[in-house]
Amino acid sequence: DTGVSQDPRHKITKRGQNVTFRCDPISEHNRLYWYRQTLGQGPEFLTYFQNEAQLEKSRLLSDRFSAERPKGSFSTLEIQRTEQGDSAMYLCASSLKPRGVVNTEAFFGQGTRLTVV
Amino acid sequence: GNSVTQMEGPVTLSEEAFLTINCTYTATGYPSLFWYVQYPGEGLQLLLKATKADDKGSNKGFEATYRKETTSFHLEKGSVQVSDSAVYFCALSDDRGSTLGRLYFGRGTQLTVWP
Numbered sequence: 001d002t003g004v005s006q007d008p009r010h011k012i013t014k015r016g017q018n019v020t021f022r023c024d025p026i027s028e029h030n031r032l033y034w035y036r037q038t039l040g041q042g043p044e045f046l047t048y049f050q051n052e053a054q055l056e057k058s059r060l061l062s063d064r065f066s067a068e069r070p071k072g073s074f075s076t077l078e079i080q081r082t083e084q085g086d087s088a089m090y091l092c093a094s095s096l097k098p099r100g101v102v103n104t105e106a107f108f109g110q111g112t113r114l115t116v117v
Numbered sequence: 118g119n120s121v122t123q124m125e126g127p128v129t130l131s132e133e134a135f136l137t138i139n140c141t142y143t144a145t146g147y148p149s150l151f152w153y154v155q156y157p158g159e160g161l162q163l164l165l166k167a168t169k170a171d172d173k174g175s176n177k178g179f180e181a182t183y184r185k186e187t188t189s190f191h192l193e194k195g196s197v198q199v200s201d202s203a204v205y206f207c208a209l210s211d212d213r214g215s216t217l218g219r220l221y222f223g224r225g226t227q228l229t230v231w232p
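Read top to bottom, the protein sequences are chains A and B.
Each step along the first sequence adds one to the number in my numbering, with nothing skipped, and position 18 is 18.
Each step along the second sequence adds one to the number in my numbering, with nothing skipped, and position 9 is 126.
These are calculated hints, taken from the structure and not from any lab test.
Quantities reported herein were computed from a predicted structural model and do not represent experimental measurements.
Any given hint might turn out to be false.
Computed footprint of chain A on chain B; a stretch qualifies when at least three of its residues, placed anywhere within it, have a C-beta under 8 Å from a C-beta of chain A [unchecked claim]:
# : stretch
1 : 154-161
2 : 219-231
Label-pair ranges, simulated between beta-carbon atoms [what the hints assert, rightly or not]:
#  : chain 1 : residue 1 : chain 2 : residue 2 : range
3  : B       : SER120    : A       : PHE74     : 25 to 35 Å
4  : B       : GLU159    : A       : ARG22     : 18 to 28 Å
5  : A       : ASP63     : B       : GLU193    : 17 to 27 Å
6  : A       : ALA53     : B       : THR188    : 28 to 38 Å
7  : B       : ALA170    : A       : ARG15     : 44 to 54 Å
8  : B       : SER131    : A       : GLU78     : 44 to 54 Å
9  : B       : GLY126    : A       : PRO70     : 34 to 44 Å
10 : B       : SER120    : A       : LEU55     : 34 to 44 Å
11 : B       : LYS185    : A       : ASN51     : 30 to 40 Å
12 : B       : THR137    : A       : ARG64     : 33 to 43 Å
13 : A       : PRO70     : B       : PRO232    : 48 to 58 Å
Think of the CB as a built atom: it goes at the ideal place given N, C-alpha and C, for glycine as much as any other residue.
All chains should be modelled from the sequences, with the hints used to inform the complete structure.
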């Protein structure tokens, strides 16, 4: 078990460019979450997958944001036409949700820090 | 809806001092409560959790008790160390509602411990 892995750790991009982040969850974890954290704030929920199905999207996730989790394994988060306000730490978390068990622990990756210049 | 309100920092203490970080919550269902810690340059790590009222979570000398009557989950440690310097986040999740286990976080409290 190598934990949740995110790539890249840091990304600097020019305004208007597209960026894509990758998250590899802990093997066999069926739930995967994306959060965004800005300086001085707690993480804010963006979207959630159970296996390959995207079940919930936050209102924070504008049309420029898209996330996928093909085959229920790794996930990607793409931001199109980046804006300076997109600068933040993007966190991925995964958890295993067995049937009948509630509120299982989420494990977080180290995050991808995006800077839009 | 679900939300978490956390004591604002920063908190600065001397080594071996007593620590309390206050956390209160609002929830529509039956949440579990968590404290996560973020050390400099690292990701969020679960520090402790409690899944029902009156449960006490504990880890590494830290404790927090799930108080339904006061909707609180205050973090305490009797004697802090320099290595405890980090940002602490209170959070809740509720699988039994429509929110499917997503976490609701407080704003975080920066703790600095001086030798």
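Evaluation of the provided hints:
no.	hint	in the structure
1	154-161	holds (count 3)
2	219-231	holds (count 7)
3	SER120/B / PHE74/A: 25 to 35 Å	holds (31 Å)
4	GLU159/B / ARG22/A: 18 to 28 Å	holds (19 Å)
5	ASP63/A / GLU193/B: 17 to 27 Å	violated (44 Å)
6	ALA53/A / THR188/B: 28 to 38 Å	holds (33 Å)
7	ALA170/B / ARG15/A: 44 to 54 Å	holds (48 Å)
8	SER131/B / GLU78/A: 44 to 54 Å	holds (47 Å)
9	GLY126/B / PRO70/A: 34 to 44 Å	holds (41 Å)
10	SER120/B / LEU55/A: 34 to 44 Å	violated (21 Å)
11	LYS185/B / ASN51/A: 30 to 40 Å	holds (33 Å)
12	THR137/B / ARG64/A: 33 to 43 Å	holds (42 Å)
13	PRO70/A / PRO232/B: 48 to 58 Å	holds (50 Å)
The structure is inconsistent with the numbered hints 5, 10, although it conforms to all the rest.
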